[in-house]
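Protein chains in written order, with the working numbering: chain A, 1 to 279; chain B, 1 to 366; chain C, 1 to 293.
Note that these hints are calculated values from the structure, not bench results. Note that the coordinates shown come from a computational prediction; the quantities given were computed from them, not determined experimentally. Do not rely on the hints blindly, as some may be mistaken.
Chain C is faced by these chain A residues, among others (derived, beta-carbon under 8 Å) [as the list claims (entries may be wrong)]:
no. : residue
1   : THR100
2   : PRO103
3   : PRO104
4   : ILE129
5   : THR130
6   : GLY132
7   : GLY133
8   : ALA136
9   : LEU140
10  : ASN141
11  : ARG145
12  : VAL147
13  : ILE150
14  : ASP169
For glycine and all other residues, C-beta sits at the position ideal for the given N, C-alpha and C.
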Amino acid sequence: MNSPWVLRVDGLGKRYGRGCGLCSKNTGPLAGANSCANCGSILACTNVSFDLLPGETLGIVGESGSGKSTVLRCLFLDEEPTWGSAYLSGFHRGERDIFTASPPERRELRAATMGLAYQNPGAGLNLHITAGGNIAERLLNVRVRSVAEIRDRAGYLLRRTEVPHDRMDDIPAHFSGGMQQRVQLAKVMANNPSVLLLDELTTGLDVSVQAGVLDLVRELQEQLHIAMVVVSHDLGVIRLLAGRTMVMKDGQVVESGLTDQVLEDPHHPYTQLLVASMT
Amino acid sequence: MGYTAMQGGLSAIKAAEDLVRRRTLGRRRHALDPSEVAEKMSLGVDRVMSEGGLYDPAAAAVALVQAEGDLHEASFIVRAYRSTLPRIAYSIPTDTGEMRVLRRITPAFQFAPGGQLLGATRDYTQRLLDWRIAEPGSFAEDQAEPDACRAEPPVFTRIADLLRAEGLLPAPNESSPEPDDITRSPIVFPASRSARLQTLARAETGSITAFGYSSMRGYGTFAHGTVAELRVGLIPFRIRHPYTGQPVKVGEVQVTEAEEFTISPHRHPNAEDVEQFALGYGLVFGQNERKAIAMAMLDRQLAEGGGAMASQEEFVLMHIDGIEATGFVEHLKLPHYVEFQSILQGMRRRRDRHAATTTEREAALV
Amino acid sequence: MSSVATLVAQNVTPGRGAYNFGFLDETTKREVRRALLKAVALPGHQIPFGSREMPVARGWGTGGIQVTLSILGPDDTVKVIDQGADEGVNAWNIRRLVTDTSGVPTTTDSREATIIQTRHRIPETPLRDGQVLVFQVPMPEPLRMVEPSERKTRAMHAQADYSRAWVYLYEDVVRRGEISHATGYPVMVAGRYLLSPSPIPRWDVPKLNMADGLYLFGAGREKRVYAIPPHTEVVPIDFEDYPFYVESFPDRKCQKCGAEAVYMNEVVLDDGRHAFTCSDSGYCDSRLTGGVE
Chain A
1 MNSPWVLRVD
11 GLGKRYGRGC
21 GLCSKNTGPL
31 AGANSCANCG
41 SILACTNVSF
51 DLLPGETLGI
61 VGESGSGKST
71 VLRCLFLDEE
81 PTWGSAYLSG
91 FHRGERDIFT
101 ASPPERRELR
111 AATMGLAYQN
121 PGAGLNLHIT
131 AGGNIAERLL
141 NVRVRSVAEI
151 RDRAGYLLRR
161 TEVPHDRMDD
171 IPAHFSGGMQ
181 QRVQLAKVMA
191 NNPSVLLLDE
201 LTTGLDVSVQ
211 AGVLDLVREL
221 QEQLHIAMVV
231 VSHDLGVIRL
241 LAGRTMVMKD
251 GQVVESGLTD
261 QVLEDPHHPY
271 TQLLVASMT
Chain B
1 MGYTAMQGGL
11 SAIKAAEDLV
21 RRRTLGRRRH
31 ALDPSEVAEK
41 MSLGVDRVMS
51 EGGLYDPAAA
61 AVALVQAEGD
71 LHEASFIVRA
81 YRSTLPRIAY
91 SIPTDTGEMR
101 VLRRITPAFQ
111 FAPGGQLLGA
121 TRDYTQRLLD
131 WRIAEPGSFA
141 EDQAEPDACR
151 AEPPVFTRIA
161 DLLRAEGLLP
171 APNESSPEPD
181 DITRSPIVFP
191 ASRSARLQTL
201 ARAETGSITA
211 FGYSSMRGYG
221 TFAHGTVAEL
231 RVGLIPFRIR
241 HPYTGQPVKV
251 GEVQVTEAEE
261 FTISPHRHPN
271 AEDVEQFALG
281 YGLVFGQNER
291 KAIAMAMLDR
301 QLAEGGGAMA
311 SQEEFVLMHI
321 DGIEATGFVE
331 HLKLPHYVEF
341 QSILQGMRRR
351 RDRHAATTTE
361 REAALV
Chain C
1 MSSVATLVAQ
11 NVTPGRGAYN
21 FGFLDETTKR
31 EVRRALLKAV
41 ALPGHQIPFG
51 SREMPVARGW
61 GTGGIQVTLS
71 ILGPDDTVKV
81 IDQGADEGVN
91 AWNIRRLVTD
101 TSGVPTTTDS
111 REATIIQTRH
121 RIPETPLRDG
131 QVLVFQVPMP
141 EPLRMVEPSE
151 RKTRAMHAQA
161 DYSRAWVYLY
171 EDVVRRGEIS
181 HATGYPVMVA
191 GRYLLSPSPI
201 PRWDVPKLNM
211 ADGLYLFGAG
221 REKRVYAIPP
231 HTEVVPIDFE
241 DYPFYVESFP
251 DRKCQKCGAE
261 AVYMNEVVLD
271 DGRHAFTCSD
281 SGYCDSRLTG
291 GVE
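With the hints as constraints, model all of the structure from the sequences given.
Next comes the structure, spelled out in structure tokens:
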């Protein structure tokens with residue numbers, strides 16, 4: 001039986017530190033903190049659950065420290081979550097928690113099934129091998145063994161992400177931040193992942209460059225129908241890209257729904273503040 | 001073709017050995033007396049024992065004479081000799097508190113139980129070249145006994161124990177697991193503390209000093225600690241009797257021991273337990289104070305970890321052994337013409353391809 | 001200052017200077033053999049072992065020497081080559097260590113040897129069943145070129161995660177128009193482990209595949225042994241459109257024996273001309289004395 005979702009997240013949480021009995025009382029939006037005043041542990045995120053449908057883009061919005069990037073890092077298996085489970089329709093038909101995957105399975109999930117574009121392109125790219133070589137790494141992971149095929153595919157992806165063709169054999173260390181970010185997008189797209197995770201994709205880029213990158217993501221959505229989770233502190237980005245939105249504060253989800261609804265009729269005081277500050 | 005790698009390898013080696021032997025024997029046609037070397041160049045002999053990983057002053061002195069004073073080479077000869085000796089038994093852990101102390105200082109306190117015992121040191125001597133040593137008979141009238149310390153060397157309380165009594169230093173871990181043996185199983189990462197300390201104990205003195213120094217100059221996890229105690233002395237060496245199972249003292253070894261107090265930079269602001277010092281530990285064969293101190297520093301650096309070179313376990317432990325480092329660096333003297341032929345072919349092939357494409361391009365332009 | 005033999009003869013101090021058969025003590029030799037058995041059972045997998053210091057410097061063949069001395073028996077005949085040559089100074093130094101401490105006979109004819117210790121060449125005459133070729137290995141880790149950390153490369157081997165080695169080759173093609181990696185070309189062994197065949201030229205790499213003899217590799221300084229058992233599939237990694245190739249010496253003949261289609265040494269004569277001779281000196285000699293085509 002096919003699951004209606006491509007990604008299901010259930011009760012995900014991450015704590016740094018050993019925790020104590022007072023953690024849950026001392027943290028969260030009511031307490032106004034994500035670190036426990038008693039034991040010093042940080043509850044980066046707790047009890048995050050959602051389903052991601054095929055072709056859908058889910059936005060996660062919140063200030064820094066709200067836990068939104070931690071959710072992505074856990075899903076991409078960069079971090080071990082403290083609580084919760086997650087399922088991908090492409091992994092054991094959605095019947096096995098990806099956090100129980102063996103190391104080779106984890107590698108496969110990261111290399112072929114999912115793609116994460118990091119806020120800092122240096123985290124997702126090796127800046128000292130060529131742009132084409134960066135893309136090649138993902139293709140080589142799925143046993144492509146022809147240089148011509150690799151260069152065809154890399155050329156196509158770089159064209160799609162508007163990186164000039166003659167930069168393919170140049171190293172990203174020599175690129176502008178915007179172009180590095182586009183190379184990173186090309187890299188994570190290389191194996192047609194079924195879920196794309198985008199972390200603060202436009203943060204730190206010039207406004208003119210931001211628009212180009214956002215247009216590109218929209219194009220990818222429309223033409224390739226890849227399911228995405230987009231994390232941003234910028235409601236403008238979320239409004240442009242996400243059909244549904246979750247609002248996070250101090251490690252917890254305070255509001256979620258269709259993006260239009262959340263923006264038109266915010267319920268939680270924090271969301272109201274966010275929306276008000278937009279205009 | 002007159003190329004020695006092709007013919008006469010053995011005779012070439014023998015001729016080279018003959019030249020070395022002539023140098024070792026010198027114009028007077030006799031080698032230096034190793035027993036005199038052991039007595040009067042004891043710090044060099046100590047280094048050879050420490051880096052060679054074998055406590056045997058007589059063998060180390062022979063090696064030093066044989067190596068014409070090259071400490072690396074002498075340590076290497078001693079290590080190779082060590083490989084021929086079967087391992088008969090493992091020693092029982094010795095409490096260095098039993099040390100019969102020849103020298104002991106504590107920079108951490110002006111005065112501590114037992115006091116400061118300077119012993120034989122050049123630390124407070126002006127390093128003026130003493131030409132009198134070159135003049136025969138200069139010290140003939142000096143009737144001092146060679147053994148300055150004829151009395152039974154004293155045994156002292158450890159400085160670290162003073163802080164332990166105050167709860168400022170954790171008690172030693174009595175339940176330490178069976179230590180690793182890096183001479184039998186190669187080090188794996190992350191390394192156990194026993195493997196770390198063994199590697200540091202055999203480290204090349206210059207390398208370990210440089211790594212320790214870099215950590216003090218800011219390329220480390222913290223600026224610097226306080227040397228709690230530095231002692232040089234004799235510790236008993238015991239094994240279990242093969243029949244009775246009882247501990248038996250089979251000898252004494254001279255060692256240098258350094259202990260350093262450090263404060264962890266990684267303490268959590270909300271940690272509930274009381275803050276304590278951490279202890280860096282160094283113990284090396286013979287009298288080699290800079291090595292023992294650097295070892296104690298690196299013990300802590302590696303325990304704390306971090307981004308600095310001196311805190312990176314693999315970087316420090318894989319490169320600090322003098323015999324491995326000099327061996328591999330000097331192997332570049334070996335013939336490499338087979339590899340170079342392969343490299344040269346590639347270079348020529350690419351040159352020819354470049355010439356061909358250039359010609360093609362130029363032809364197309366015409 | 002002296003070879004082991006003279007030290008043995010002089011017996012420096014009473015009770016000292018007497019060396020065991022094959023230099024190493026018996027328990028050490030057994031320990032090395034256990035590691036080798038494990039290596040044969042897991043073709044291409046690097047097995048850590050308690051590498052001892054030898055009377056030859058680390059990085060000068062101590063791994064190969066320990067392997068040879070540990071498997072050596074009184075009935076063996078040993079051949080030692082360095083860069084293909086029996087006569088080289090390093091080959092001589094290792095050979096006399098083996099013979100001085102064991103008394104076994106040596107040969108320069110690879111067909112007569114039961115154990116051949118080599119630095120960076122495989123003899124031209126294929127190994128036969130029962131022969132062992134012992135390689136001296138400076139850097140056993142084929143992934144070292146892309147990853148300096150031992151902890152990480154071990155995890156990469158455990159997961160057969162070799163994509164970065166491929167990226168390295170891809171980058172080579174992009175930068176130089178070909179895979180330029182000259183010696184020590186990485187190979188996949190039995191479809192499982194990536195292995196560095198030690199710095200042998202590409203010429204020798206095909207000889208690793210489905211061989212009749214046993215290949216043992218010893219890395220003394222790095223404390224690893226590994227093996228390619230007989231009849232094991234060994235494939236150099238390459239691309240479909242940039243296939244592996246070997247060095248070629250077109251129109252070159254050995255100046256001494258006239259051999260073609262062998263790996264050649266290029267020597268520059270006093271008058272500046274370049275001349276070529278067989279790199280495998282034992283092969284060259286046996287062609288000159290007859291017996292080999």
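Is the hint on A/ASN141 kept, meaning its closest Cβ partner in chain C is under 8 Å away?
Result: holds, 4 Å to nearest chain C Cβ.
Restraint outcome when A/VAL147 is required to lie within 8 Å of chain C by C-beta distance
holds, 5 Å
A/ILE129 as chain C interface residue, shortest Cβ-Cβ below 8 Å
This hint holds: A/ILE129 lies near chain C, its Cβ roughly 6 Å from the closest one there, short of 8 Å.
Against chain C, with CB atoms and a cut of 8 Å, does the hint on A/ASP169 hold up?
A/ASP169 check passes; min Cβ-Cβ to chain C is 5 Å, inside 8 Å.
A closest beta-carbon separation below 8 Å is what the hint needs, so does A/ARG145 meet it against chain C?
With a closest approach of 5 Å, the A/ARG145 hint holds.
Agreement of hint A/GLY132 with chain C interface, Cβ distance less than 8 Å
holds, 6 Å
Close enough to count: is the Cβ of A/ALA136 nearer than 8 Å to one in chain C?
Since chain C brings a Cβ to about 5 Å from A/ALA136, closer than 8 Å, the hint holds.
Hint validity - A/PRO104 Cβ closer than 8 Å to any chain C Cβ
holds, 5 Å
Satisfaction of the A/LEU140 interface hint, Cβ to chain C closer than 8 Å
holds, 4 Å
May I ask you to test the interface hint for A/ILE150 with respect to chain C, counting a Cβ-Cβ separation under 8 Å as satisfied?
Holds: closest Cβ of chain C sits about 7 Å from A/ILE150, inside 8 Å.
Evaluation of the interface hint that places A/THR100 against chain C, nearest CB under 8 Å
Hint violated; A/THR100 Cβ to chain C Cβ min 17 Å, cut 8 Å.
For the hint on A/THR130, does the least C-beta distance to chain C fall short of 8 Å?
holds, 6 Å
Of the numbered hints listed earlier, the single one contradicted by the structure is hint 1.
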